[in-house]
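If you're matching them up, the sequences are chains A and B in order.
By the count of the numbering used here, the first sequence reaches residue 208 at its end, each step adding exactly one.
By the count of the numbering used here, the second sequence reaches residue 982 at its end, each step adding exactly one.
Misleading hints may appear alongside valid ones.
[To be verified] Derived pair list, reagent style EDC-like, types lysine to aspartate or glutamate, alpha-carbon separation capped at 20 Å: (1) B:369 <-> A:202; (2) B:346 <-> A:67; (3) A:121 <-> A:133; (4) B:668 <-> B:560; (5) A:107 <-> B:467; (6) A:200 <-> B:347; (7) A:200 <-> B:467; (8) B:346 <-> A:202; (9) B:433 <-> B:467; (10) A:107 <-> A:159.
[To be verified] What the simulated footprint calls covered on chain B by chain A, stretch by stretch (three residues with Cβ under 8 Å from a Cβ of chain A suffice, anywhere in the stretch; the number is not a length): (11) 369-378; (12) 454-467.
If you are wondering where the hints come from, they were derived from the structure by calculation, not from laboratory data.
Even for Gly, the Cβ is constructed at its ideal location relative to N, Cα and C.
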Amino acid sequence: MTYDKIAAGVSALVLTSLLSMPALGADVTVAVSDSQGVALADAAVYLQPLQGRAPKGGQKGSIEQVDKTFVPYVSVVQTGTAVSFPNKDTVRHHVYSFSAPKLFDLKLYSGTPSQPVVFDKPGLVALGCNIHDWMLAYVLVVETPWFAVSKDRGNAVVENVPAGDYNMMIWHPRMKEEMMQQIKVGAAAQTVRARVTLSKPDLRRQGG
Amino acid sequence: MRLAKTLRFRVTLLFTTLLAVVLGVSFFMVSAANLGIFEEQAEQELETGQRVFNRLLEQNSKLLIQATQVLVGDFAFREALATADGPTMLSALNNHATRLGAELVLLSDLQGAVPADNLGVARDGVYPFPDLMQAARKDGVASGIKVVKGQAYELVVVPVKAPVVIGWITLGVKLTEKVANDLKEMSDLEVTFMTKDGKGGWHSFASTLPPDQLKDLLAHPTHEKRLELAGAPHQSRLLPIASGSGDKVYAVLQRPLQEILAPFYALQKALLALAIASLLLCILASFKVAGVVTTPLHRLVTVAKKIRDGSYAEKVERPETSELAELADSLDHMQTAIAEREQEILALAYRDTLTGLVNRAGFLSELGRRLEGSAQSQTVMLLDLDRFQQLNDTLGHVAGDRVIMRIGFWLHAEVARFGGVLARLGGDEFAFVVSGTDYQEVLQAVLQGFERQLAVDERKLDVRASIGIACYPEHAATAQDLLRCADEAMYVSKRKKCTVSVYDAAKRQFREEHLSLLGDLKEALNQEQLTLHYQPKVALDGSLHCEAEALVRWEHPVRGFVPPFEFIPFAEQTGYIREITHWVIARACIDGAELLAAGSPVRISVNLSTRDLLDAALPAFVDSCLRMAGLPKEYLCLEITESGVMEDPDRALETLHALRNMGMALAIDDYGTGYSSLAYVKQLPVSELKIDRAFVKEVVESEADAMIVRSTTELAHSLGFTVVAEGVETREISDKLRELGCDFGQGYFYSRPVPLAAFASWLRNYQAGAQAGR
Numbered sequence: 001m002t003y004d005k006i007a008a009g010v011s012a013l014v015l016t017s018l019l020s021m022p023a024l025g026a027d028v029t030v031a032v033s034d035s036q037g038v039a040l041a042d043a044a045v046y047l048q049p050l051q052g053r054a055p056k057g058g059q060k061g062s063i064e065q066v067d068k069t070f071v072p073y074v075s076v077v078q079t080g081t082a083v084s085f086p087n088k089d090t091v092r093h094h095v096y097s098f099s100a101p102k103l104f105d106l107k108l109y110s111g112t113p114s115q116p117v118v119f120d121k122p123g124l125v126a127l128g129c130n131i132h133d134w135m136l137a138y139v140l141v142v143e144t145p146w147f148a149v150s151k152d153r154g155n156a157v158v159e160n161v162p163a164g165d166y167n168m169m170i171w172h173p174r175m176k177e178e179m180m181q182q183i184k185v186g187a188a189a190q191t192v193r194a195r196v197t198l199s200k201p202d203l204r205r206q207g208g
Numbered sequence: 209m210r211l212a213k214t215l216r217f218r219v220t221l222l223f224t225t226l227l228a229v230v231l232g233v234s235f236f237m238v239s240a241a242n243l244g245i246f247e248e249q250a251e252q253e254l255e256t257g258q259r260v261f262n263r264l265l266e267q268n269s270k271l272l273i274q275a276t277q278v279l280v281g282d283f284a285f286r287e288a289l290a291t292a293d294g295p296t297m298l299s300a301l302n303n304h305a306t307r308l309g310a311e312l313v314l315l316s317d318l319q320g321a322v323p324a325d326n327l328g329v330a331r332d333g334v335y336p337f338p339d340l341m342q343a344a345r346k347d348g349v350a351s352g353i354k355v356v357k358g359q360a361y362e363l364v365v366v367p368v369k370a371p372v373v374i375g376w377i378t379l380g381v382k383l384t385e386k387v388a389n390d391l392k393e394m395s396d397l398e399v400t401f402m403t404k405d406g407k408g409g410w411h412s413f414a415s416t417l418p419p420d421q422l423k424d425l426l427a428h429p430t431h432e433k434r435l436e437l438a439g440a441p442h443q444s445r446l447l448p449i450a451s452g453s454g455d456k457v458y459a460v461l462q463r464p465l466q467e468i469l470a471p472f473y474a475l476q477k478a479l480l481a482l483a484i485a486s487l488l489l490c491i492l493a494s495f496k497v498a499g500v501v502t503t504p505l506h507r508l509v510t511v512a513k514k515i516r517d518g519s520y521a522e523k524v525e526r527p528e529t530s531e532l533a534e535l536a537d538s539l540d541h542m543q544t545a546i547a548e549r550e551q552e553i554l555a556l557a558y559r560d561t562l563t564g565l566v567n568r569a570g571f572l573s574e575l576g577r578r579l580e581g582s583a584q585s586q587t588v589m590l591l592d593l594d595r596f597q598q599l600n601d602t603l604g605h606v607a608g609d610r611v612i613m614r615i616g617f618w619l620h621a622e623v624a625r626f627g628g629v630l631a632r633l634g635g636d637e638f639a640f641v642v643s644g645t646d647y648q649e650v651l652q653a654v655l656q657g658f659e660r661q662l663a664v665d666e667r668k669l670d671v672r673a674s675i676g677i678a679c680y681p682e683h684a685a686t687a688q689d690l691l692r693c694a695d696e697a698m699y700v701s702k703r704k705k706c707t708v709s710v711y712d713a714a715k716r717q718f719r720e721e722h723l724s725l726l727g728d729l730k731e732a733l734n735q736e737q738l739t740l741h742y743q744p745k746v747a748l749d750g751s752l753h754c755e756a757e758a759l760v761r762w763e764h765p766v767r768g769f770v771p772p773f774e775f776i777p778f779a780e781q782t783g784y785i786r787e788i789t790h791w792v793i794a795r796a797c798i799d800g801a802e803l804l805a806a807g808s809p810v811r812i813s814v815n816l817s818t819r820d821l822l823d824a825a826l827p828a829f830v831d832s833c834l835r836m837a838g839l840p841k842e843y844l845c846l847e848i849t850e851s852g853v854m855e856d857p858d859r860a861l862e863t864l865h866a867l868r869n870m871g872m873a874l875a876i877d878d879y880g881t882g883y884s885s886l887a888y889v890k891q892l893p894v895s896e897l898k899i900d901r902a903f904v905k906e907v908v909e910s911e912a913d914a915m916i917v918r919s920t921t922e923l924a925h926s927l928g929f930t931v932v933a934e935g936v937e938t939r940e941i942s943d944k945l946r947e948l949g950c951d952f953g954q955g956y957f958y959s960r961p962v963p964l965a966a967f968a969s970w971l972r973n974y975q976a977g978a979q980a981g982r
């Protein structure tokens, strides 16, 4: 996997969000590290306002299949987002999910399937490929537009968060359950440090 | 020769025993070592089998896991599980489980609920194998053996991934006979799956054992490494194979020991065969080797036996072994030496050293040769010099020897002329043998030879011989008998003073009778068949004085009365006279004491024989007899003959002096028959002289006899002797004797010898009559 591509994917997703929303708030940078203090990538961070409802955000996303790997590994989308699955490989894939929030399968295809998959219920969806057992990706479907996924240095930057009180939720595939922390967002950008406990194995495997 | 005592046997036994011990020890050591090795090997094989078995079990579960993983990887299956309802899910599960040959299948979700369960093993919807689940959560998959509804199952727990774990599927394959047989095929071990049932008994799920052995196993399952199953010993392992909680399941792995130890027994047999073969070989070899020693030994023994039997010509074979060769040489030398020495001894044994003539043994052997070698008749003559003892006494032994030599010399010459062989039989006895029975010529030559005087030490001597003749085959068949016949004939000559007698077979019979008498005589003494008769010795001086001579009488139970001359000489020859004399002395003492007590004191004379005089203990015996009977010694007189003294004068004189010193009266009997002179008798410690009946019988008719009696009596009186005349048969003789000066007369005229009672009454009559007659 190349991190460049992951970064490109993530920025594409973030970009669509930015386009759909006015820049009203401050950026919240969450520095995620494990219990040893090692910076943790692929951690999903999202903020749920304690008052009022979060607005609907941009409704498009994509998860590519590159080198028989889902890119990105962890995605966060707001409910209602239609995610496309462009296949960059020369082999075909059969992407599926048996997760309750979204059951689907995209029978063997190449290129980008005509219909994107709309994730309309919040929850965690595990994606697999029926012909490449090792291929695994997570889509965390949340009901807030303020989310981000940490990069290699462990920083997840949630942009344009309006001032107010939030429940900051952090999830990572190796965590048993989501971690919740209340934060107050002001006018200025801030950095929050978060330490999470990783209790599950890393299920990612490299296939042929 | 008993086999067990032979050298050969012992050598063989020794070597064989040694080898047997060595073989036995090594056999047992090797056997023990082998058994150890085999058992260890068997143990290792079982160990290996056990590992194989474990590995197979493991593989079985791995295969099941893999198959299950393939199953749960199936998209449709996952789809069915993720989407479908309960019944569909269950039928899908059953379908897939059947594909894998699994009897048990159940699905559990992440929360521990059991949405599908074909056998209904989950009670109250709770997953029944929490330990397996825990292991599966930890390791991704898990497997184990469990008892489910009374059956043993190989269970696997595999996650259902989509692609993250969305549930767990548990599949179970029953442990059937087929499984056990498959395992047996691969591990080469008997396999039994079993468990303890609720009541503590054992229950088998599946087994490759035959039913009877399985029954035994279930009856006594133990952890022991050896088990007896239906009489067959097995190596055995009891392995717990169930994991975690729940009923314990055991796999019992076994191998029959017979199978394991088969090569050991084969080896054992080979070893034993080898041992027996080498023992046999050893027996053969050592027998052969011992033979190298014993065969020559046997040959030497044969030679030695021949030497023993007097054959010295045997060639001694020289064995190769040096020691034995030495022995053989020694034997050879010994043989030669023995032969030489025997020649010498023979020469000595058959020769008389004084005359150089053959001796009695040589003569008998020569005689034997003649009798055997030809059918020709032979004549043996035996010559005994007359009065040679006297000659020896008067001239000395040296002169006596010279006489013998001279006679031997000319006799030899005479006999040789007739082709005869002369021998000196001993003392003054010669014998010769000539062929044929026409012996007159040689006899005449011999007699003429004795006519010549011999000059010895400047003395002229007349030597005469008594000659006995016996002929073969007329008189005897053997050399011994022939010589004895000649001997008897010679004695006849002596007795009859007739110089030459030819053997008379009639007399022989008489002598043979004597032999049977010997046995009888012994009995006679024991059974008191002997009695004493008394014959009076009457004083001729007119006084009433009377003495008596005790004469032994033998009343034989069959023969009746046996006269003394028939058994006394015979008793003298056999030595039995000693016992008779003792008896006579003892009896005479008792009788004398009786007479004394009855008021008729009579001196009793008892005859002593030649042998008695040689008995040094006689004086003591006489003394004890007198004392026991209580008879004063003056009432006992002992009579001896001249010839009796002559036999061994020194010893006889010793005895006589001893008796005389005791105060015993001694008398010379039969005076005049021998050749002794009064001068000689004078030297004897005697006090009485009895003139032989030969001179008395015709004393009335013969002037010469009267002269002899008169002169003898006078001379005897002058020497202080009392004179007794024997054989007084008539009054005329009695009167004549009184006239000639004899002191006592004895004979039938007065009385025959009579028993004691008769003698006592005679004595009373005589003394009364004499008194009356006076």
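Now for the hints, and whether the structure bears them out:
no., hint, verdict
1, B:369 <-> A:202, "holds, 15 Å"
2, B:346 <-> A:67, "violated, 30 Å"
3, A:121 <-> A:133, "violated, 25 Å"
4, B:668 <-> B:560, "violated, 26 Å"
5, A:107 <-> B:467, "violated, 62 Å"
6, A:200 <-> B:347, "holds, 12 Å"
7, A:200 <-> B:467, "violated, 54 Å"
8, B:346 <-> A:202, "holds, 14 Å"
9, B:433 <-> B:467, "holds, 16 Å"
10, A:107 <-> A:159, "violated, 36 Å"
11, 369-378, "holds (count 5)"
12, 454-467, "violated (count 0)"
The structure fails hints 2, 3, 4, 5, 7, 10, 12 (numbered hints given earlier, in ascending order).
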